[in-house]
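S.K.: Sequence:
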Amino acid sequence: MNIFLFPLALAFGLLASSLASAAIVEHTFEVKNKTVELLCNRRVITTVNGSLPGPTIRVDEGDTLVVHVLNNSPHNITIHWHGIFQILSGWADGPEYVTQCAIRPKHNYTYRFTIKGQEGTLWWHAHSSVLRATVHGALLIRPHPGRKYAFLHPYREVPILLGEWWNNDIVEIENQILTTGDSLPPSNAYTINGLPGNLYNCSENKMFNLKVKRGKTYLLRIINTALNNQLFFKIANHKFTVVAIDAGYTNPYVTDVIVVAPGQTTDALFTADQPVGSYYMAASPYITTQFIAIDDTTTRGLVVYEGTSNSTAPLMPSMPAFNDTTTAHKFYTNITGLSTKSNPHWNPCPSSVDEHLFMTFGINLAPCPQNTTCLGPFGFRFSASMNNESFVLPSGRGMSMLEAFFNGATGVYTTDFPDKPLVEFDYTNPNISFDQSLLFAPKSTKVKKLKFNSTVEIVLQNTALIGIENHPIHIHGFNFYVLAQGFGNYNATRDQAKFNLINPQMRNTIAVPVGGWAVIRFKAKNPGIWLVHCHIDAHLPWGLAMAFEIENGPTPSSTLPPPPADLPKC
Numbered sequence: 134m135n136i137f138l139f140p141l142a143l144a145f146g147l148l149a150s151s152l153a154s155a156a157i158v159e160h161t162f163e164v165k166n167k168t169v170e171l172l173c174n175r176r177v178i179t180t181v182n183g184s185l186p187g188p189t190i191r192v193d194e195g196d197t198l199v200v201h202v203l204n205n206s207p208h209n210i211t212i213h214w215h216g217i218f219q220i221l222s223g224w225a226d227g228p229e230y231v232t233q234c235a236i237r238p239k240h241n242y243t244y245r246f247t248i249k250g251q252e253g254t255l256w257w258h259a260h261s262s263v264l265r266a267t268v269h270g271a272l273l274i275r276p277h278p279g280r281k282y283a284f285l286h287p288y289r290e291v292p293i294l295l296g297e298w299w300n301n302d303i304v305e306i307e308n309q310i311l312t313t314g315d316s317l318p319p320s321n322a323y324t325i326n327g328l329p330g331n332l333y334n335c336s337e338n339k340m341f342n343l344k345v346k347r348g349k350t351y352l353l354r355i356i357n358t359a360l361n362n363q364l365f366f367k368i369a370n371h372k373f374t375v376v377a378i379d380a381g382y383t384n385p386y387v388t389d390v391i392v393v394a395p396g397q398t399t400d401a402l403f404t405a406d407q408p409v410g411s412y413y414m415a416a417s418p419y420i421t422t423q424f425i426a427i428d429d430t431t432t433r434g435l436v437v438y439e440g441t442s443n444s445t446a447p448l449m450p451s452m453p454a455f456n457d458t459t460t461a462h463k464f465y466t467n468i469t470g471l472s473t474k475s476n477p478h479w480n481p482c483p484s485s486v487d488e489h490l491f492m493t494f495g496i497n498l499a500p501c502p503q504n505t506t507c508l509g510p511f512g513f514r515f516s517a518s519m520n521n522e523s524f525v526l527p528s529g530r531g532m533s534m535l536e537a538f539f540n541g542a543t544g545v546y547t548t549d550f551p552d553k554p555l556v557e558f559d560y561t562n563p564n565i566s567f568d569q570s571l572l573f574a575p576k577s578t579k580v581k582k583l584k585f586n587s588t589v590e591i592v593l594q595n596t597a598l599i600g601i602e603n604h605p606i607h608i609h610g611f612n613f614y615v616l617a618q619g620f621g622n623y624n625a626t627r628d629q630a631k632f633n634l635i636n637p638q639m640r641n642t643i644a645v646p647v648g649g650w651a652v653i654r655f656k657a658k659n660p661g662i663w664l665v666h667c668h669i670d671a672h673l674p675w676g677l678a679m680a681f682e683i684e685n686g687p688t689p690s691s692t693l694p695p696p697p698a699d700l701p702k703c
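What the sequence shown shows, in our numbering, is residues 134 to 703, in sequence order.
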């Protein structure tokens, strides 16, 4: 063979090998209502394929996922593939009115996208109304065929989906609070894989059980699907080794407690190294909210060693207090990214920055409509904002934001989201919590325009408006480097020295510390419209969101393709 042709032949061979090993993974999701009995109550919930949680999707990195959604429920629905990059497939991202209009009842739609450059634990969920409370499931990405995990292969992998349960219809609850301007009431229970456990009424036999063999190591793929609360997770007398978060490998981190915010995932190894017996796994809330009622209960499942006698009393872990910020902050800040060759998807953190943004966010108030009684403070409605702009999804404007971007249409959104708050104040000082000169934010649908491939750094700054709180902020379509986190007001002179630019953790959802800040950085290399929002469910309709408009790149391979022919219409 001509020596000059050999490299070309080798490249084609590797490409052919890669294509040959990639598969098309196909699922059908039938969205429908189902009557279930839980906590001594019968109620109707919306499910996928009649199960809670919904189906677990398993793919290899490089596969193309095809999901046919048949909406036989009475609700509009979209599905979001939480954490998937959607490289040049932003039409499949799923947030209603942002990248698509809803799949209406008795209508169908097929999501199709290729999963590139990521492996680990992600999840899928409804992105319409509050339906994600029961419409969700795990999305597990294995390494590309021929590659191994960046950690010792476990004996078994176990999805652990932590959730919340309401005895009343959650959609009706949302409709009520949208009318009254009130906040979402606390859940009646927490769940592990859809089951509340035996600390709740009528639940003695509704508890998740994990059977293990002594000496074997298990990979727990932990997902917080809850609408409201962060959760502590423990197994009595056992330790975990965290090996990934949000489908990004980490340096091994040994701990006896895991904390996950709504939207986040954690991959943790645990070895069944204790005496044969039964041990409770438990999840309880980490709550920093000060202005609403809370659900301070505990869900638990059971880890049962092979050979355990039925008479053996299970051991219960000692759970942190619901407001144990010290434990939560220690977990969140001690994790670092795996920057060695064993992580095939690691890219060094960019050292230079093109766009600097400072985003404040928190709870606000909005005027009460005439002839309406509102249940928020001072008779107003609850609202929320980022940089004093309260985001409104563009329903009733004829098309989604992404369609407007692709078609160059006006009147759907504007590109004047501010780079920093228009009014500077002592953001985390509790004395400003009810300062009415700061509590009202205009409603708008504003985005920040970014150049393709620009490096963006954002200071995410919590405020004390209404009350201090830990907010989980999710960016669609991207992972970001978490450079630093802290309490109080961010101070560049003091806090830049804390930046980890060597091996920062990577996330798609960050729990910004209560009364504090976080600094993140990412590369804007995927054209389209990408939602940024708080993953506490009530906060999106309240307005704690914005979006990025990322310009097309200079080549066809960096340009958003046309929408699918069957994209739902508004």
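Derived by calculation from the structure, the hints in this document are not laboratory data.
Accuracy of the hints is not assured; some may be wrong.
Said to hold, decoys possible - FRET-style restraints, in silico, Cβ to Cβ:
hint, residue 1, residue 2, range
1, 620, 472, 23 to 33 Å
2, 389, 288, 18 to 28 Å
3, 525, 587, 47 to 57 Å
4, 169, 624, 22 to 32 Å
5, 302, 525, 18 to 28 Å
6, 690, 558, 37 to 47 Å
7, 544, 342, 47 to 57 Å
What the hints assert, rightly or not - Listed below are the simulated DSS-like cross-link pairs for lysine-lysine, each with C-alpha atoms no more than 30 Å apart in a straight line:
hint, residue 1, residue 2
8, 576, 631
9, 463, 582
10, 249, 702
11, 239, 281
12, 631, 165
13, 281, 165
14, 344, 281
15, 372, 167
16, 346, 281
17, 582, 281
18, 553, 582
From the three backbone atoms N, C-alpha and C, an ideal C-beta is built for every residue, glycine too.
S.K.: Does the structure break any of the earlier hints, and which numbers would those be?
M.R.: Violated hints (numbers, rising): 3, 4, 8, 9, 11, 12, 13, 15, 17; every other hint is consistent with the structure.
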